[in-house]
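K.L.:
Work the whole structure out from these sequences, hints included.
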Amino acid sequence: MTKRKVATKKEKELIRKLAEAFVCEEISKEVVGAQDPKLGKDYLNLLRNECPDYFRLLDELRNVIPSVKKQLFKSLKEGLQRD
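Using the numbering used here, read the sequence shown as starting at 1 and increasing by one per residue.
Quick caveat, the hints were computed from the structure, so don't treat them as lab data. Check each hint, because a few of them may be wrong.
List of simulated lysine-lysine pairs, BS3-like, C-alpha gap at most 25 Å [to be verified]:
hint : residue 1 : residue 2
1    : LYS17     : LYS3
2    : LYS12     : LYS69
3    : LYS77     : LYS10
4    : LYS5      : LYS17
5    : LYS17     : LYS41
6    : LYS29     : LYS41
7    : LYS69     : LYS17
8    : LYS17     : LYS29
P.N.:
So this is what it looks like as structure tokens:
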């Protein structure tokens, strides 16, 4: 694995898309949804339809986190038990 101090252009684009999806979700919940929960959900659905790539990436990220977490916790636990 190379040791770079900055992200590549592609990595930055991916990070930007994920960040935009996170922020859009927060806006739909904290701003629009705070005024009207149904409108917040409708707004989020509209954003998901308008920016499917962003939310596809966000959904993939959320799907992989539990398995990565489980694997890392298992490795850490095994490492601690050996000591």
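K.L.:
When you check the alpha-carbon spacing of LYS17 and LYS29, does it fall within 25 Å?
P.N.:
Holds. LYS17 to LYS29 sits at ~19 Å (cutoff 25 Å).
K.L.:
Regarding the pair LYS69 and LYS17, is the alpha-carbon distance no greater than 25 Å?
P.N.:
23 Å, holds
K.L.:
Decide if the proposed pair is consistent with the structure: LYS12 and LYS69, CA atoms, cutoff 25 Å inclusive.
P.N.:
Answer holds: LYS12 to LYS69 is near 24 Å, not above 25 Å.
K.L.:
Is the straight-line distance between the alpha-carbon of LYS5 and that of LYS17 25 Å or less?
P.N.:
Given pair LYS5, LYS17 holds - Cα atoms ~21 Å apart, limit 25 Å.
K.L.:
Assess, step by step, whether the Cα of LYS17 is no farther than 25 Å from the Cα of LYS3, and give holds or violated.
P.N.:
It holds: about 24 Å lies between the C-alpha atoms, which stays within 25 Å.
K.L.:
Does the alpha-carbon distance linking LYS17 and LYS41 stay inside the 25 Å limit?
P.N.:
With a Cα-Cα distance of about 20 Å, the restraint between LYS17 and LYS41 holds, given a limit of 25 Å.
K.L.:
Is LYS29 within 25 Å of LYS41, Cα to Cα?
P.N.:
Cα-Cα ~8 Å, so holds.
K.L.:
Hey, LYS77 versus LYS10, does the alpha-carbon distance stay inside 25 Å?
P.N.:
Cα-Cα ~34 Å, so violated.
Checked against the numbered hints listed earlier, the structure breaks hint 3 alone; every other hint is satisfied.
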